[in-house]
Structures are given as structure tokens and as C-alpha cells.
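K.L.:
The residues making up each chain are set out below.
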Amino acid sequence: MAEPAEKTPLESIPLAEPATALPVADAGIEAGVQALTPRTIADTVRRVLGAETGARLKAYLSTCTHCGLCAQACHFYLSNAHDPSYAPIGKIKHTLWELLKRKGQVSPEFIRQASLIAYTQCNMCRRCAIYCPLGIDVAYMISVVRRICRALGVTPLYLQDTVNSHSATHNQMWVKADEWVDTLQWQEEDARDEIPELRIPLEKEGADIMYSIIAPEPKFQAGLIYKAAVIMHVAGVDWTMPARPGWDNSDMAMYSGDYDIMGRIKRFHFDTAARLRVKKIVMGECGHAFRSVYDTGNRWLGWRMPPIETQHAIDFYYDLLTSGRIKVARKYEEPVTLHDPCNIVRGYGLHEKARYVVNALCEHFVEMTPNREYNYCCGAGGGVINCGPPYKQTRMRGNSVKARQLEATGVKVLIAPCHNCHSGLEDISQHYHLGLEVKFLADIMYEVMEK
Amino acid sequence: MIHTLYKLLSGPMMWLAVILFCAGTLYRLWTIFRLVRRKEKFICSYLSLRYSLRSLVHWLTPFASLNMRLNPVMTVVSFAFHICLLFVPLFLLAHIVLWEQAWGIHWWALPDLVADIMSLVVPAACIYFAIRRIRKPEVRYVTGVGDYLLLGLIALPFVTGFYCRMQWPGYGPVMLVHMFSGQVLLATLPFTRLSHMVLMWFTRSYMGSEFGAVRHARDY
Ligand code: SF4
Ligand code: SF4
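So the protein sequences, as listed, match chains A and H.
For the working numbering, count along the first sequence from 1 and bump the result up by 556.
For the working numbering, count along the second sequence from 1 and bump the result up by 60.
These aren't lab readings, by the way, just hints derived from the structure by calculation.
A couple of the hints might just be wrong.
Claimed, not checked - Just the calculated beta-carbon pair ranges, DEER-fashion:
| no. | chain 1 | residue 1 | chain 2 | residue 2 | range |
| --- | --- | --- | --- | --- | --- |
| 1 | A | ARG831 | H | ALA273 | 26 to 36 Å |
| 2 | H | THR91 | A | LYS732 | 48 to 58 Å |
| 3 | A | ARG831 | H | GLY206 | 50 to 60 Å |
| 4 | A | ARG831 | H | PHE102 | 41 to 51 Å |
| 5 | A | MET861 | H | ILE79 | 39 to 49 Å |
| 6 | A | GLN669 | H | LEU130 | 24 to 34 Å |
The model shown is predicted, which means the values in this text are computed figures rather than measured ones.
Glycine included, every Cβ here is placed at the ideal spot set by N, Cα and C.
Modelling step: build the complete structure from the supplied sequences, incorporating the hints.
P.N.:
Structure follows, in C-alpha cells:
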């Protein structure tokens, strides 16, 4: 039999049960809620809303016509049997509307629910932003709720742990300074078995490019560093990686609402590039890190645009392929489909370049529908996957629409040029028995390029 | 009695409604711009004329955005509603005649039949919106009493106006209701959700600019 016996036909996937009904034990949220008093809640809500929000929030809240047209944008709504509490504006009803109406006079239990909604039932994917006729940004409003929850100390434990790691080590995964260098040298050594003259140049001042990645790479996916090194070497790029902290471009503080930490780590990342006097930063295949560098973190620090040119891997690969620095020996034969990550497509419009790269590397590319700006979120981004195992079911139930979309392509190889998407889609493939092989562009490029 | 009320409504009350509308609109704009200046100055540095217009054009042209194509009935009703809502009060012959009497100014008027149909489109659309609010769970979920009241408030001047135009029995007092409800609608507009008439230009422009100039992506 070709298919596993336990395969669930997608139509029979139970959709109706709201995720809030799932028993979720989260020590972080629990401890936070225990420490709340009505007074601290009211003061904090007033402080955050008063000091940090302004015209945008006011305009969004007062112009929203309660038309519900944003509902169909959200995968949580679509996947949870159209339960209106998952509609973008439904989530605002249960959070900001109440907070404002009651001037912050809400119970600790209310904050617990608000925290669950803001951190685990919205990926801040901004799909609803292109559905609202009035241009209302629900993702922004959710970020305000997260900011309040964070200020109250009611944050999911796993997410907070990554933020603590950022704060203490300048990377997301508690990677120790010597581990980092060891990992790079280990990958360099392995790669030299394949290409003897290959180097991973550390701390090379004045190089053209600083290559920065997210901490899960050295922690769990060191092979990606190997592949990046091979690509850089073959393309003849003058590049370097920092040996000291500042190499991690990821940012969970942006998602937890710890903006001071976000600012610190973003500055450190830019400072590292400045210290190495590189011309630009090239970032690995990660979406949220790009959002942090290009959109959120830089602005918090007061830079309208990143102070140093910053390129996402897709953009970089596009340059390598169009300039002929990387040539394709034999295209990847199996049919592939491409997931457009929110943070670099709705966030930076890389969809056409991504298609160029995929078509250059692969024989047979099948579009999923909807695609480009209209693609469904993976359900992992926005810090949701980082909230950890307690919320895996929320994510899985909250994205059956993605499973259906993927299955409809009939393709078994899925390219996801973003770390969060990659992990989230692997979970979806497993949960819904889709049998997909999820790949980064670097995986395929490494496989098909002339070396 | 009716005559006195008519005098009051067509004179001082009308002025009051117009003044409240203008002052209210200016006040809303002033508070928003003050907030931008005090707390979110950065918004100005991201505004782009080109992408604001791109966004506005796509959302003011029927079926030019994905969501409009996904909801064709809503799109047709919304456009018809908004157009009639704005055009009928300004280009109705009966209104223009009044202005001519008062200030000696006049402009092009809608043909009677068209005006009649357009006046009925507004309450019909309000009924559609109300049914939609009741029947669609995602809309009902975020609907409050105020949303229904608002629909009633919008429909009332049009229904009563049509009644008078047809000179149906007892249209004299109905005319008073027509004038008063229209004035209430006008005067409260800046302070209800209808203020999207004023603020939408800015929220749309900002979203359009962020999406176009920063994110290089479509927002429609
Ligand atoms: S998950 Fe995406 S579509 Fe849903 S509410 Fe959040 S930002 Fe909007
Ligand atoms: S689509 Fe926009 S105006 Fe309509 S309910 Fe959603 S946020 Fe409000």
C-alpha cells in the first residue's frame, strides 16, 4: 500500500473545537497571572496605551466598521470551522476593545486569555491587512496587546526563554561563545573534505559581506552553514562571519514585546557589521529575522531603513544566479512547490525573485494557490512556534487550510525559504500525513550547482 | 406649529448641523494629526504619494482588490450605497431649489427618476447590511447595538425624503422627521464609525505607503 493506513482524509479533519478550549499548561503564563493584581493591570494598560500608542491605534479603532471582511484572510478562522472568535477583528474584540472600554480594569483571567490570543492565535502575518477595505492593521494591534502582556509578565514560557537567551547571550538558543566558533570550524572542516581550499573566514575586517544567521542553525541545522559556505566559496564571494556575539540576526523579543531587548540585539547585530567594516549584511533564509532587521527593530532604534544594506538570502541567490556566479549543473528534477513566507513577501516583496531562483534551480515548479502576497501563513511565524510544545495543537488545528492548500498541489517537495515556515510546515506535513519533504533554497542550490 | 418647526429646522438647525459637522470633522482631524505629531511622527516619513494613490485607487474601484472579488454582492451593494449616500443629498433637485432660494446658487441636478431610485438604494443597502450583520456569524460577532442604530440613522432621512417626494398622506410632519434625521446624521457623523469617511483616506494611504514603498507588495 502506497499510503500509510492511518492517513486522515483532509475533509474529515475536526475543525470546530476552539483552541482556547484545549487544556494548555504554560508555567510562564501561569506564574505571570498569579502575580497580577487589578491595580497593576490597570496601571500597565494605561501606561502602554498612553505612552506608546497614538494616531494609528486611535484611527484603527474608530474607523473599523465591524464589517467582518477581514475574517476570510485568517487561517485560524478558516481552519477552526469559521469560528468568529478567530477572525482578526474577533481577536481585537476580546483584547483591545475590552481593555479600552474598561480602561484596563480587567481581571487576571482576562489577561491570561488575551495573552493566549495575542501570542498563540495570531501569527502577525498581515494577511488580514490586505483584506481590510479601510487599511486597518490588525497585526499591529495584536503587537500592542503582546506589549501589554509582556509588560505584565504574562508571556509563554518557551518564548520568554528565547528572549532571556537573547538578552544574556545575544543569541536565541543559549549558544555559548566557544560552541559557536567550534560549530563553524567543524562545518568548515567537513566542507574541506569536499572542497579542500574552502574557508569560513572569521572576523575578516573589510570583507564585502557579513553573513549572519539565526541561532537554531548552529544548534540544530549546522549543515546549512556548510551549504552556505560552499555557495559563497563557489561564487567567489569575499565574505566573513563574526566569531564573537552579534552573529545571530533572529529576534524573539520583537514578538514577545520586549522592545528594549529587541533594540539592544538589533543594534548589536548592526554594530557587528560596522565593526567588521563590511559593505553589506547577507542573512540566511529566515523571515522573521528579516522583519526585525528591515521593518521593526531598525525603526525602534530610530533608523527609517537599516543603517547597513541588508539582503535576504533569496535576494542574494537571485544576484548570484543572474550574474552567473553560480551556475546550475543539472536542474532539480522532482516537481517542487514554493511557500511564500509572510515576512519577506508581504514584508519585502521577494516573491518574484523567489520564483526566478526556483525556476533557475528546478525543472518543474508548481504554484500553490493562493500565492505571492495572498499566500496563507505557515502558522508558525510571529513567534507562535516559539511558544513551544503546549501550543502545537493550536497551530495544527489552526492551519488545516494550509494542509489543504499544500495537498492540492500534488507535489511532494516543498520549498520554504524561512526557518519558522520550514519547521511549521514540517509539523503540518506530519500532522496531516502529507508526506512532504520540506527544503530550503540552499538545500536545492547546493545539490544542483556547478561546484 | 408645523410651520414654526419647519422654520426652525430649515434655518438655525440646519446651520447648527452643518457647523457641527464641519467643526467635528476638523476636531477629529486635529486630534489625529496632533497625535501623529506628538507620538508617531515617523508615519510622515513613510508616506508616499504614489503608493497612497495606488492603494486608494484599488480600493475605490469596484473589484480592483482581491477581497472585493471574493465578495461580489457586498462589493456591488457597498459601492451603490456609498455613491447614492453622497450624491442624493447634494444633487437632488428639491435640495438645490432650496439652496437657490436661500443663497441664489444652483448646480446640476439628478433627473427625478434616477434620484428616486438612488434614494431607495440607500435604505435597501442598509437592510442588506443589517441582514448581513445578523446572518453572518463573523459579522454578528463584532456587531453591537450601535451598528444597527447607525444603519437606521442612515436610512431614515432617505426613507422619509422619499415619502415626502411622493407626497404620501401626512407628508408634512414626515418632512420634519426627514430634516431632523438628516441633521442628526450630519452632525454626529464625525463622532461615529461613519468618521471613516474622513479617516479612511489616511489609514488607507498609510497602509498603501507601507506596503508599496517599504514592503514592495500589494495591499489590495
Ligand atoms: S494570523 Fe495573520 S490573518 Fe490572522 S489575525 Fe493575525 S495577522 Fe491577521
Ligand atoms: S475588515 Fe477592517 S473594517 Fe472590517 S471588521 Fe475587519 S478590521 Fe474592521
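K.L.:
Does each hint hold? Answer for all of them.
P.N.:
Against the structure, the hints:
no., hint, in the structure
1, A:ARG831 x H:ALA273: 26 to 36 Å, "holds (31 Å)"
2, H:THR91 x A:LYS732: 48 to 58 Å, "holds (52 Å)"
3, A:ARG831 x H:GLY206: 50 to 60 Å, "holds (57 Å)"
4, A:ARG831 x H:PHE102: 41 to 51 Å, "violated (27 Å)"
5, A:MET861 x H:ILE79: 39 to 49 Å, "holds (45 Å)"
6, A:GLN669 x H:LEU130: 24 to 34 Å, "holds (30 Å)"
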